[in-house]
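Trainee: These are the residues of each chain, in order.
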Amino acid sequence: MEITDLDRKIIQATQAGLPLTRHPYRTIAAQLGVSAERVMQRMTAMLEAGVIRRIGAVPNHYRLGYHYNGMTVWDVEDVQVNGMGERIGKLSFVSHCYQRPRHLPEWPYNLFAMVHGRTEAEVAVQIQQIASLLGEHSRGHEVLYSSRILKKTGLRIEK
Amino acid sequence: MLNELQKRLLNDYQRDFPLSSQPYRDIAAELGVAEAEVLTALQYLIDQGYISRVGPVIAPNRVGSSALVAMRVPPERLQQVAEWISRFPEVNHNYEREHHYNLWFVLIASDRQHLQAVLDEIEKQTAVPAMQLPMLTDYGIDLGFELDWNDGSV
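For the protein sequence lines, the chains are A and B, in the order given. The opening position of the first sequence corresponds to residue 1 in this note's numbering, with each subsequent residue numbered one higher. The opening position of the second sequence corresponds to residue 1001 in this note's numbering, with each subsequent residue numbered one higher.
Some hints could be false.
What the hints assert, rightly or not - Incomplete in silico selection of chain A near chain B, CB under 8 Å:
no., residue
1, L6
2, R8
3, L18
4, V51
5, N60
6, A121
7, S146
None of these hints come from the bench; they were simulated from the model. The C-beta atom is built at its ideal place from N, Cα and C for all residues, glycine as well.
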């Protein structure tokens, strides 16, 4: 799908959230000088095309007590990575699961899965579950915990 | 402690938010409450930080160009380098992680050339190589995150 200029403006106008007004799309539309119907139509199209993944409440894991956020990284055989990635991405405690390039020799990991738990023990069980799923297809893994959030903002695109 | 309405909004409305002229009224009708109650509850969830917003989540790399970047910064320089990098508007989710690759951030730019220009500038100014880890495949179906209320901590 080709992203139009209006689509970019809609993304930009909604990236901090939809207004909590009775007619939120009308509020956005008024800022952009188009009709509310047009905004809803473009957002529907972007949702169907996968440009928008979902629309809804975006939870803050940390505030909800999920204080242990681990970036788990795995060295998975190339022929297995898609099949395993699909399965790991479906696990309820995995929020993001991506294939990324290796940088050998210093970085052998090609599969990333973010896990979230309330305790270190809970995360340890989750990691064990992923490890069991991967079995011998994983040649090694590490878990990187964030020790400090230095900056966190939503999506930004240029004006 | 969250009430029942707040919990339901948090757990059941991470996706499929109505694309209709009065979406909060539609949600209120589904939950059997008044529209004003839904608006108040969502405002509370935002004010208290339980949700960051109600709105669209954009798929990575569909608008502009982005990459995860990892750097191995000498510990004594980490604070300074991290602060300097955070000043770029293109930098997002800048985390210190417990690893020899101790600085991790996401770069989002309008296009690939701009992304590379920012990375070149960061490498030149910090004299630390930036390892680029762009997403190759996204396996997340991103149905939202299922919250477990059973331990009563929220």
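Trainee: When the hints from earlier in the document are held up against this structure, which numbers fail?
Mentor: 1, 6
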